[in-house]
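Q: Residue strings, one per chain:
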Amino acid sequence: KQEVTQIPAALSVPEGENLVLNCSFTDSAIYNLQWFRQDPGKGLTSLLLIQSSQREQTSGRLNASLDKSSGRSTLYIAASQPGDSATYLCAADYGQNFVFGPGTRLSVLP
Amino acid sequence: ETGVTQTPRHLVMGMTNKKSLKCEQHLGHNAMYWYKQSAKKPLELMFVYNFKEQTENNSVPSRFSPECPNSSHLFLHLHTLQPEDSALYLCASSQAGQGWRNTEAFFGQGTRLTVV
Numbered sequence: 039k040q041e042v043t044q045i046p047a048a049l050s051v052p053e054g055e056n057l058v059l060n061c062s063f064t065d066s067a068i069y070n071l072q073w074f075r076q077d078p079g080k081g082l083t084s085l086l087l088i089q090s091s092q093r094e095q096t097s098g099r100l101n102a103s104l105d106k107s108s109g110r111s112t113l114y115i116a117a118s119q120p121g122d123s124a125t126y127l128c129a130a131d132y133g134q135n136f137v138f139g140p141g142t143r144l145s146v147l148p
Numbered sequence: 120e121t122g123v124t125q126t127p128r129h130l131v132m133g134m135t136n137k138k139s140l141k142c143e144q145h146l147g148h149n150a151m152y153w154y155k156q157s158a159k160k161p162l163e164l165m166f167v168y169n170f171k172e173q174t175e176n177n178s179v180p181s182r183f184s185p186e187c188p189n190s191s192h193l194f195l196h197l198h199t200l201q202p203e204d205s206a207l208y209l210c211a212s213s214q215a216g217q218g219w220r221n222t223e224a225f226f227g228q229g230t231r232l233t234v235v
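Order-wise, the sequence lines are chains V and C.
Here the working numbering is used: the first residue of the first sequence is 39, the next is one more, and so on.
Here the working numbering is used: the first residue of the second sequence is 120, the next is one more, and so on.
If you're looking for bench data, these hints aren't it; they were derived computationally from the structure.
A couple of the hints might just be wrong.
Part of the chain C face toward chain V, derived, beta carbon under 7 Å [to be verified]:
| id | residue |
| --- | --- |
| 1 | Ala158 |
| 2 | Pro161 |
| 3 | Leu162 |
| 4 | Met165 |
| 5 | Leu197 |
| 6 | Glu223 |
| 7 | Phe226 |
| 8 | Gly227 |
| 9 | Gln228 |
No farther apart than 25 Å at their CA atoms in a straight line, the calculated lysine-lysine pairs in the PhoX-like style are these [unchecked claim]:
| id | chain 1 | residue 1 | chain 2 | residue 2 |
| --- | --- | --- | --- | --- |
| 10 | C | Lys141 | C | Lys155 |
| 11 | V | Lys80 | C | Lys159 |
| 12 | C | Lys160 | V | Lys80 |
| 13 | C | Lys138 | V | Lys106 |
| 14 | V | Lys80 | C | Lys155 |
| 15 | V | Lys80 | C | Lys141 |
| 16 | C | Lys141 | V | Lys39 |
| 17 | C | Lys137 | C | Lys155 |
| 18 | C | Lys160 | C | Lys141 |
| 19 | C | Lys155 | V | Lys39 |
| 20 | V | Lys39 | C | Lys160 |
Just so you know, even glycine gets a beta-carbon here, dropped at the ideal spot from N, CA and C.
Looking at chain C on its own, in the form it has when it is part of the complex:
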């Protein structure tokens, strides 16, 4: 266990469904991230939250909607997804210091999403 927990571990959803991915960290970190890992592609940063404020959004389609209610929890709300959105979605956390100098980043086990 890395201290970052993601649920569910697997999710199959239709293109018209609405679902949410959850991430929880027990490390006292102040920054949380969503990454997407598609087959044969490097991890892609989707969203970054620092002190609960979204600071990065790498041109992610609006069908993905993040929510960070507090520094320990991060959600990714999904609606009207496409089959190409099928991927492993990874959550990470770190302690972002002055000038965004991060400590070691810890990742969750990921949610394997399949859109049918």
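In isolation and in its complexed conformation, chain V is listed as follows:
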């Protein structure tokens, strides 16, 4: 069964800290892995997409890595800001289905 887990479930940090969010997937036969941000009651905003042949992607203060063989991806957020507070979701793309993790709820305190 294809499952995605995320650790930690919730995280609270002071502003300015660097942090790492973890994503694990049971079936390594992914096409790509995508990280999203979701604000309360809203839709998903795409942050980064890593193709299965890639190791990492960077966008501004965000860096995502992918280790397909071990079934892991990490999202690194540098110099966190209160505006980064949201739920972060990873999704493994298996073709006709994006399997989502439960998310990490991040709070960045001013």
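Starting from the structure of chain V, add chain C where the hints point.
A: Relative to chain V, chain C alone:
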């Protein structure tokens, strides 16, 4: 704006009502999806359309009926729903290439459905 628009944003309906959710994408994608997000549960895939053909139906109850008249529009028709169907319903689109290798998926803002 992500290029995927969902209407309405909020919907309250009784168990005997019939309503429809609408999704429209302006990205030129050929695949569209319906997801359900319930409280404290991961997003669950409901339906997938590729080139207007339904290719996935994850054991969704028949009270949910999808319709994809063209590659830009997707509907979810609702009838005789139950209170446990209350959730955030999200639409997404992507460009599905050979072997279903997708490009980046884009999501709409969702419809918050409450069944009373």
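Q: Indicate, hint by hint, whether the structure satisfies it.
A: Results for each hint:
no. : hint                : in the structure
1   : Ala158              : 11 Å, violated
2   : Pro161              : 5 Å, holds
3   : Leu162              : 4 Å, holds
4   : Met165              : 11 Å, violated
5   : Leu197              : 19 Å, violated
6   : Glu223              : 4 Å, holds
7   : Phe226              : 4 Å, holds
8   : Gly227              : 5 Å, holds
9   : Gln228              : 4 Å, holds
10  : C:Lys141 x C:Lys155 : 14 Å, holds
11  : V:Lys80 x C:Lys159  : 15 Å, holds
12  : C:Lys160 x V:Lys80  : 15 Å, holds
13  : C:Lys138 x V:Lys106 : 42 Å, violated
14  : V:Lys80 x C:Lys155  : 13 Å, holds
15  : V:Lys80 x C:Lys141  : 16 Å, holds
16  : C:Lys141 x V:Lys39  : 31 Å, violated
17  : C:Lys137 x C:Lys155 : 18 Å, holds
18  : C:Lys160 x C:Lys141 : 23 Å, holds
19  : C:Lys155 x V:Lys39  : 19 Å, holds
20  : V:Lys39 x C:Lys160  : 17 Å, holds
Checked against the numbered hints given earlier, this structure breaks hints 1, 4, 5, 13 and 16; the rest are met.
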